[in-house]
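Colleague: These are the residues of each chain, in order.
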Amino acid sequence: MGTTSFDEMNGHDGDCRQAYAELQAWLEETPKELLEQRRVEAEALFRRIGITFAVYGAENAEERLIPFDLVPRVLTAGEWKRLFDGLVQRVQAINALIVDLYGDAEILKAGLIPEEMIYANPAFRPEMVGIDIPQAVPVVIAGIDIVRTGPDEFFVLEDNARTPSGVSYMLDNREVSHLLFPDLIARHRIRPVESYADELLAVLESLAPRNARDKPTIAVLTPGSFNSAFYEHSFLADKLGVELVEGRDLFVRDDELFMRTTEGPKRVDVLYRRVDDDFLDPLTFRPDSMLGVPGLFSCYRSGSLTLANAVGTGIADDKAIYSYMPDIVRFYTGEDPILGNVPTWRCREPAALSHVLENLADLVVKEVHGSGGYGMLVGPAASKKERATFAAKLKADPDNFIAQPTLALSTCPTFVDGGIAPRHVDLRPFVLTGADGTRIVPGGLTRVALREGSLVVNSSQGGGTKDTWVLED
Amino acid sequence: MMLASTANDIFWMSRYVERAESLARILGAARRMSAIPQVLGDETNEWESALSAAGQRQAFGEADAPASEKSVFDWLAFNDKNPSSITSCLRQARFNARAVRPALTTETWEAINTAWLELKRFSGSSGRARDYNQFLQWVLDVSLKVNGSAFRNQLRNDRYWFSRIGVYIERADNTARILDVKYHVLLPEHSSVGGSLDYYQWSAILRSVSALTAYHWVYRQSFKPWLIADLLVLKEEMPRSLASCYQNIATYLDELALAYGRQGPAQRAARNTHARLRNARTEDLFQHGLHEFLEEFIAENNKLGMTIAEQYNLV
Amino acid sequence: MHLILRHETSYAYDAPARSVIQLLRLTPRPHEGQHIRRWRIEVDRDATLRPHEDCFGNLVHAFGAEGSFQTLTIAVEGEVQTEDTNGVLRGTIERLPLGLYLRQTDLTTPDEAICAFAMEVTKAKTTLDGLHALTVAIHERLRFDTQATDATTTAQRAFAEGHGVCQDFAHIFIAAARSLKIPARYVGGYMRHADGTEDYEAGHGWAEAHVPDLGWVAFDPANAACANDAYLRVACGLDYLDASPVRGVRTGGLGETLDVRISMREAGAQQ
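Chains as they are written, first to last, in this note's numbering: chain A, 1 to 473; chain B, 1 to 315; chain C, 1 to 271.
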């Protein structure tokens with residue numbers, strides 16, 4: 001598998017690509033012992049600043065570190081330009097889709113997507129129907145997962161329009177690179193990612209309710225310090241210069257949201273919420289939720305509060321909806337998609353299902369609502385027995401699965417076991433949309449599968465991260 | 001303006017770090033005392049005094065072991081099941097800090113987080129080769145780093161003030177407790193001459209609040225029990241004295257009142273206590289009864305904590 | 001039928017409540033066969049009541065009260081003129097696509113037993129006949145028991161245990177109908193017993209299913225019949241949670257006791 005993959009440093013043929021020339025030279029002249037020493041330093045840095053995440057179901061793993069790989073990934077200005085245009089187009093289409101689905105549902109009337117795929121989907125929230133979404137931007141923050149298979153072959157693997165995470169790693173990785181390899185950085189002209197917080201703040205402010213005061217009050221809502229992404233929540237609040245709140249810090253009075261402060265109640269205009277739809281408001285969603293704020297959804301409905309992201313945006317994350325995304329882009333933008341999809345079989349369609357069952361050994365099969373690499377089958381890596389078990393699951397509930405070919409994901413040089421070796425990577429850029437359009441800081445989170453040959457990059461499955469450099473022209 | 005829950009976490013984070021430091025000082029002084037020659041006829045068990053000073057005698061009693069250096073260290077320093085042990089205090093401080101990480105400076109957060117990471121070195125059952133002195137010194141260093149980083153980098157706003165108020169309320173409580181445990185050796189009629197044992201007792205008290213040198217600088221004479229009480233209760237220039245704590249508490253509460261444009265029962269209570277400490281003379285302490293005075297003070301100090309919580313919606 | 005209704009919900013707390021926030025689905029809308037002559041909500045505290053309409057078209061009031069109180073009473077009172085339409089609904093407000101009512105919820109998700117039961121009962125029948133048969137079959141299969149279940153009981157559990165209250169009967173009906181790809185929903189309201197009973201301890205819950213050419217039709221499996229002019233329809237949704245008369249949260253107010261009194265009588269009838 002490794003031999004057929006495109007390597008971002010050495011291409012298909014082993015000749016170093018120009019963007020990586022300096023990096024390659026640096027890797028050659030830097031002794032491995034020094035790299036190892038830097039790796040240890042990096043780990044100590046991350047531990048000290050407290051970047052940790054929790055792994056579901058793992059015992060004694062309350063706080064674990066996502067491994068940081070020293071070797072940066074490099075993208076040229078040209079590559080980024082195409083990604084940028086494609087991402088803006090895609091996220092604008094996703095926003096139009098969400099607004100439409102909760103409004104007139106033109107796309108369903110046009111017969112582009114089967115109605116039941118939307119209405120039977122738990123990620124579609126009937127409570128949102130007919131609600132006026134501020135500035136028609138439900139998806140303020142999107143994380144679009146990109147994979148690469150060749151010099152010019154970029155595909156979207158997954159859309160994350162619910163509550164994409166990982167941006168703190170993008171920023172911290174850059175910070176650590178600056179500390180550890182100032183010499184290497186000086187040999188490149190790298191576009192900065194540090195403006196992310198300013199851009200996010202501007203975007204959130206642009207979406208404030210009309211009746212907010214001049215300077216809207218923004219807060220980040222976290223489920224609490226036991227959440228796996230708590231570090232990121234507090235990191236973002238810090239960078240934005242806004243309060244990090246939990247449900248217990250907030251209350252609703254007369255359809256307005258307030259936070260409890262040392263000086264009494266203070267109104268909140270925009271909530272960047274990192275709490276799932278289900279838990280936002282026990283009066284409207286799950287009644288047993290302790291994480292949310294009773295009455296919060298009434299504030300949103302009445303227009304006194306902007307939620308980023310809006311409720312019900314998760315419908316765009318659904319992998320069955322994903323398979324329609326090229327049509328969705330055409331429908332709303334009138335243009336051909338700049339970034340393609342990975343070919344996808346919808347197992348709900350009988351012909352597709354039988355194809356998938358016959359070719360299970362070559363395919364990756366995923367749950368349509370799943371995320372984080374849970375509940376998926378990587379055909380080539382699975383044993384015969386695992387495939388048989390999975391086939392039974394698939395036949396029992398075909399609607400719940402899609403399948404994709406096993407892509408030869410690109411590889412990047414990675415520091416493992418005291419040496420440099422190619423490992424598979426993907427990329428998650430963070431796309432921000434406000435009242436005045438869409439913006440993306442040049443870069444993103446590169447995730448790397450640290451095990452040789454592995455295609456699973458999720459941090460919950462042992463993946464690591466890399467700093468991602470977008471070069472100036 | 002800040003989130004009430006943030007203020008609460010900052011307040012308690014500071015208290016827990018301060019409490020850990022006090023415990024370390026109490027343990028250090030007890031170690032020293034227990035090393036004095038038995039021929040001096042010490043009938044009191046220093047390890048029990050240490051437990052009393054930490055307010056832990058009863059809780060320890062339930063652990064059902066005689067008070068010895070090992071058992072008391074295990075309980076007051078390392079026991080994870082004792083919510084008031086040093087390790088528990090540091091763990092709790094880190095828990096509070098983590099919840100309000102953005103409200104802290106990077107240095108303060110790193111000081112607490114690093115302490116929490118290093119704690120693993122000392123806690124658990126692997127600490128057979130523990131060096132008690134090294135551990136106590138480490139705790140003092142942690143507290144110094146946490147306070148020092150705040151002093152050096154923290155913006156002087158309500159976040160800072162709540163953290164300082166936490167420190168000084170906790171410190172006042174600790175000083176008052178240490179004094180109360182040993183008040184009998186400070187009574188003038190106890191021994192105006194002072195045998196060797198008393199000498200050790202007095203120096204242990206001063207040591208447990210880091211005031212041994214300060215005593216000589218302030219009074220320039222040999223230990224007099226009433227002067228020790230005077231130093232630790234009434235001398236504002238002595239940083240761990242009750243008067244100094246209340247000078248600070250009153251100042252920081254005033255800062256809050258000024259910033260918020262509103263004052264209330266917390267400010268009034270702190271000013272009253274501060275004024276009383278300022279106006280009192282050493283004789284008054286003993287006339288009223290030192291023990292009674294300290295008991296009353298501890299109760300009032302506790303009450304102030306609750307008044308602050310109520311006034312600033314911390315609960 | 002000219003119905004006069006009063007529904008009082010009273011809370012008493014051992015420790016005073018400091019604040020209460022609730023969503024009230026207590027206000028019926030008119031449709032063919034249901035004319036609202038007058039209707040009002042009374043609260044015995046200083047409070048705000050802000051009306052809005054939810055996605056199912058229900059009239060909802062967001063209710064909020066702060067202070068310190070040991071008791072709280074919310075009462076609705078009204079007069080409604082009803083007519084028997086054989087369960088057929090016309091003139092309701094429909095905001096959501098029919099397809100949405102095929103979606104199962106945590107309370108309605110059927111297991112194999114319910115699916116098999118639904119298939120068996122409706123075999124070789126038209127949609128309408130099948131739904132009538134389902135209504136009767138659920139009524140025969142389950143024992144009415146006010147003690148056995150609560151508001152969180154799922155259709156699966158009630159069906160397996162063979163007993164429940166009107167809400168459980170309705171959830172099983174909805175689960176079964178949706179398993180047959182028939183859109184169905186939960187309805188909350190009141191029903192006056194034929195024997196003229198005036199005092200009730202609880203409201204009533206039933207179901208509606210969508211029948212081609214007829215539209216929504218109301219079925220009451222707890223009474224093995226279609227809804228008629230003894231029914232007062234207040235709110236609907238995917239399950240009980242969407243249509244429940246009161247959903248609320250309070251701070252303080254430990255040791256809550258709840259007392260519900262409903263009186264329903266025909267105007268002009270002897271008191």
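No wet-lab data here; the hints were simulated from the structure. All C-beta atoms, glycine included, are put in the ideal place defined by N, C-alpha and C. Misleading hints may appear alongside valid ones.
Chain A is nowhere near these chain C residues, computed Cβ spacing over 12 Å in every case [claimed, not checked]:
1. Pro97
2. His132
3. His163
4. Asp195
5. Gly237
6. Leu238
7. Ser244
The calculated lysine-lysine pairs, modelled on DSSO-like cross-linking and capped at a C-alpha distance of 30 Å, are [stated by the list, open to error]:
8. Lys145/B to Lys239/A
9. Lys303/B to Lys266/A
10. Lys120/B to Lys224/B
11. Lys123/C to Lys395/A
12. Lys81/B to Lys303/B
13. Lys123/C to Lys393/A
14. Lys123/C to Lys384/A
Colleague: Look at each hint and say if it fits the structure.
Modeller: Structure-based check of each hint:
Distance to chain A contradicts Pro97/C as a non-interface residue, since its nearest Cβ pair spans about 6 Å, not more than 12 Å. Every Cβ of chain A is farther than 12 Å from the Cβ of His132/C; the closest lies at roughly 26 Å, confirming the non-interface assignment. With a cut of 12 Å on Cβ distances, His163/C stays outside the contact zone with chain A, its closest approach being about 24 Å. With a least CB separation of 35 Å from chain A, Asp195/C remains clear of the 12 Å interface cut-off, as annotated.
For Gly237/C, the requirement that its beta carbon stay farther than 12 Å from each beta carbon of chain A is not met, with the minimum near 9 Å. Distance check on Leu238/C: its Cβ comes as close as 7 Å (rounded) to a Cβ of chain A, failing to clear the 12 Å threshold; non-interface status is violated. Residue-level check failed: Ser244/C sits 9 Å from the nearest beta carbon of chain A, not beyond 12 Å. For a cut-off of 30 Å, the pair hint linking Lys145/B to Lys239/A stands: about 24 Å separates their Cα positions.
Restraint check for Lys303/B and Lys266/A: satisfied, since their Cα atoms lie roughly 28 Å apart, inside the 30 Å limit. Using a Cα cut-off of 30 Å, the hinted pair Lys120/B and Lys224/B is violated, with the two alpha carbons roughly 43 Å apart. A hinted pair counts as satisfied when its Cα atoms are at most 30 Å apart, and Lys123/C with Lys395/A qualifies at roughly 25 Å. For the given pair, Lys81/B sits about 27 Å from Lys303/B by alpha-carbon distance, which is consistent with the 30 Å threshold.
As the CA atoms of Lys123/C and Lys393/A are separated by approximately 28 Å, the hinted pair is consistent with the 30 Å bound. Restraint check: the Cα-Cα separation between Lys123/C and Lys384/A comes to about 41 Å, which exceeds 30 Å; the hinted pair is violated.
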